[in-house]
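Using the hints, position chain W against chain R.
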Amino acid sequence: MSPNQPNGGAAAEKIVPTFCHGCGSYRPTCAVLCHVRDGRFVRVEGAPAAFNAGVRGNTALCAKGLTGPQFVYAADRLQHPMKRVGAKGEGKFQRITWDEALDTIAEKLLESKEKYGPESYAVLSPEFWPVLGSLGRRFLNVHGSPNYLHSAICATPRMAAARVTTGYISMAPDDWMKTRLIVNWGGNVENSGVNQGAPRAMLNALANGAAMVDIRPMLDPMGAKADVWLPVRPGTDCALALAFLNVIIEERLYDAAFVAEWCHGFDKLAEHVAARTPEWAAPITGLPAERIRETARLMGTTRPMFVRMGNGIGDQAGDGTATVSAVCLISAITGNLDVPGGQFAGGGFGGSAPVSWLDEMLPAGMVERLVAPEAPVWYQTPDRWESGPTSAYYKALMSILTEKPYPIRVLNASCSNPLSATRNPRRVAEALTKLDFMFAMDIFKSPHLDYADIVLPACTSYEQGDYFGVRPTPDGLRVAPYNQVVEPLGEARSDWRFYLDLAVRCGYGEHFWQGDMDAFMGEMLAKHGVTVADLRENPGGMFVRPPAPAGAPAAAPGPSQPEYRKYAKLFKDLPHGKVQCYNEYIGGRPDCTGTGVLPYLPEYQGPPEGLAETPALAADYPLILSDVHAYRLAQHSYHHDVAYLRELQPYPWLRMNPATAARYGIADGDWVRVESPHGWSRFVAEYFPGISPEVLMTKRGWWQSCAELGLPGYGTGDGGSEVNNLYNSDERHFDTFFSQMPKQTLVRIAKWEEA
Amino acid sequence: MPDTFAFSHDSQRCIKCFTCEIACKQWREIPPGTFRLRRVYEVAGGEFPAVTRTFHSEACRHCPDPPCAAACAPGAITRDEKDGIVRVDAARCDGCRACLPACPYGVPQFGPGGVLQLCDLCADRLAEGKRPMCSDSCPTSALRWTGPAQGD
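Read top to bottom, the protein sequences are chains R and W. Under our numbering, the first residue of the first sequence is numbered 86, with each subsequent residue one higher. Under our numbering, the first residue of the second sequence is numbered 130, with each subsequent residue one higher.
Treat the hints with care, as some may be off.
To be verified - Some chain W residues close to chain R (C-beta under 7 Å, calculated; not the full set):
| hint | residue |
| --- | --- |
| 1 | Arg142 |
| 2 | Cys146 |
| 3 | Ala152 |
| 4 | Trp156 |
| 5 | Pro268 |
For the record, the hints were derived by calculation from the structure and aren't laboratory data. Treat the numbers as computed from the prediction; the structure is a model and nothing was measured. No residue lacks a Cβ here, since even glycine has one placed at the ideal position from N, Cα and C.
With the rest of the complex left out, here is chain R (with noise of 0.2 Å):
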């Protein structure tokens, strides 16, 4: 069909129902309607019986969620089980049986346990994937490892901060046209999750005349659109929020009644904060102090406020959790917690698991024998936590280099790329090259899978049918199933299959259903009164209301308005049943290292490479590196093979102010040689007038080729293109309470030419 002509064929093609894979495997967010012509995904086009975003009717995707048919049949899919053949890291595999695969991976595991113990055994957590929050927890608990390495990234260290200062952490106002201020904080919210309804609210509530500050290092879409943009230097956060504090107490903005009543130590954090002005805090973050006295008395006067945190703070800084309960105490001392359009407390923490993790499996002390706790072992207890302990990915994996306190022997890589997703990539194949036995199932030929003894072929979204979403709505809760679009290409197959299978194969088999996937199913969804057989009779989706609570009272019909200032409740874990401005909650108890113990308040720490920090190497390297966490065109380090996303960034783009690019001869679209202290990588510089000349900014994750354009996946390693090669892997730079790693650096730059 010429590509300028209508398509004639939509009467031939076959409409499938199921969720979206753009923001990763079985995460329900958005669904969408799949066209199928002659066994091929072709097209897709957004649900609108789905309420996506929450909105009736919505139609809307995001630029992800639009290439579903490219990301299938993108040409680095794994098609079939593999063996490593060759070397480690050499890439040598030859095709085996899925019986093959699993029986080794089941024999390794069983022996490593026998030798070393089960916590021997570990697995890399990839962003939030329900498969690992089920069935890899509940594999993890039988098997008897408490080993779940998650990242130090993303929500659950600034969950965990704010859980600790005033008792939660909000992720949105109860109604964002009851909200006058906004304040974008690390929020990157034309990047991830476009279309979950974060951009249309705060579009929205702009709109109807809030006011917005925006406090990013470059001026985002949404920046561009705020009353103030505020561009910090990456990792000095906790100054400016030091500092804002300083501001607000000094000029008594506060609400001093909420203070008096719910606030614990108010005195000793005014006493701490009295020499954090704004003039201490200009040089350290590269904002004048006028600005940030003027922000101050906008947040400390206006009411209510918003203050949304985003990845930008908290979890990619050594100082993450000072950062967050500082900026917590902002908003609690404002009197903007849990008000109309303020920090709204309406959700509790973490969610109900979709089956039982089996957490009286886990045999008693394994918590204690954590490879390297995230969180101090006294906070890792089971109210608290997401799905489990957790050990911090990056240390984790060091452990088996320095076999302190033990090493991580048998190691399940799947979906995670630990070449990119986390700091220091050669120490990494290192740690790798070092294990017993490694192996990963994912979607795309993935560079650490070059490690791996067993390589497995998973199946996108869009090839299997063993999971559904489920949504509140205006018509009841939704439930609707993923159906499969098309068949799985070569030997794929869905990681939930793997994980019945092989539980079964290691002797596991009379927890998880006997590797009976609709057993399965059905205990996930008995819980929402819905049978498997419901759900396969209506795959478009369903609506129930959700079973009533036995013994409990008929809900009163129409809207019922939310309680606010729910006070006692909120605080009623933290000492005194109080926001922490002094913190008796994680003072002077143990650090996650278990070396130190925990400071009482939130102190600046900073980068462990900065131009205020560390002047005499600035000497040498003046500008400052950093990366975004998300970016729209890309999840995480995946989505580069897909062709219509990777021709808006074809390569490893670096933004830089024209200004800076001048002074060292670079022109736009020039490849850039970038040297930190700790390696080189090399990026295409993209001219940026939005970011201050003492910055540079890149997103990490070049791996993937694509084919279809033909162009190349870059190196992890120096001469590569990951930024994670260049930053301070030092672990004494790292949160002492929740592991986060710092992403800041400073660097040296040159225009790079191919030798």
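The following block gives chain W in isolation, referenced to the frame of chain R:
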């Protein structure tokens, strides 16, 4: 139908997410690396830190009196008086690109053989009572379609 349909784009609601651009491409199955019928772009101004960025999404506006048609010597571009859609007759287009400078919005794009390619408002969707794919896909409702298939 003439004069009863239009795309409207609100820059204030646009976050440059590229959804509309890709929505169009994938619905029309346009080969990657070739041309775009809709394109997202920005106009930036000022110097750090006083920088402005404004975002736009542009496709054929199906002008009532299309200047591209007036500039097309072979007469390949015509506006259908019945439905108001500006179309290209691929057989007549000689690839001379005279339409490009004639268009005030810089829209014309050229496909295989240098033939002009234009948005057809997703004729297949309109026929089914749906809206064009680009506006239907916009996550922030920055790009809107008003027309007979509007539906709301």
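Now for the hints, and whether the structure bears them out:
1. Satisfaction of the interface hint for Arg142(W) is found here, the shortest Cβ-Cβ separation to chain R being roughly 5 Å, below the 7 Å cut-off.
2. Because the beta carbon of Cys146(W) sits about 5 Å from the nearest beta carbon in chain R, less than 7 Å, this interface hint is met.
3. For Ala152(W), the interface hint holds, since its Cβ comes within 7 Å of a Cβ in chain R; the closest pair sits about 5 Å apart.
4. With a least beta-carbon distance of about 6 Å to chain R, the hint placing Trp156(W) at the interface is held under the 7 Å criterion.
5. Nearest Cβ of chain R to the Cβ of Pro268(W): about 4 Å, under the 7 Å cut. The hint holds.
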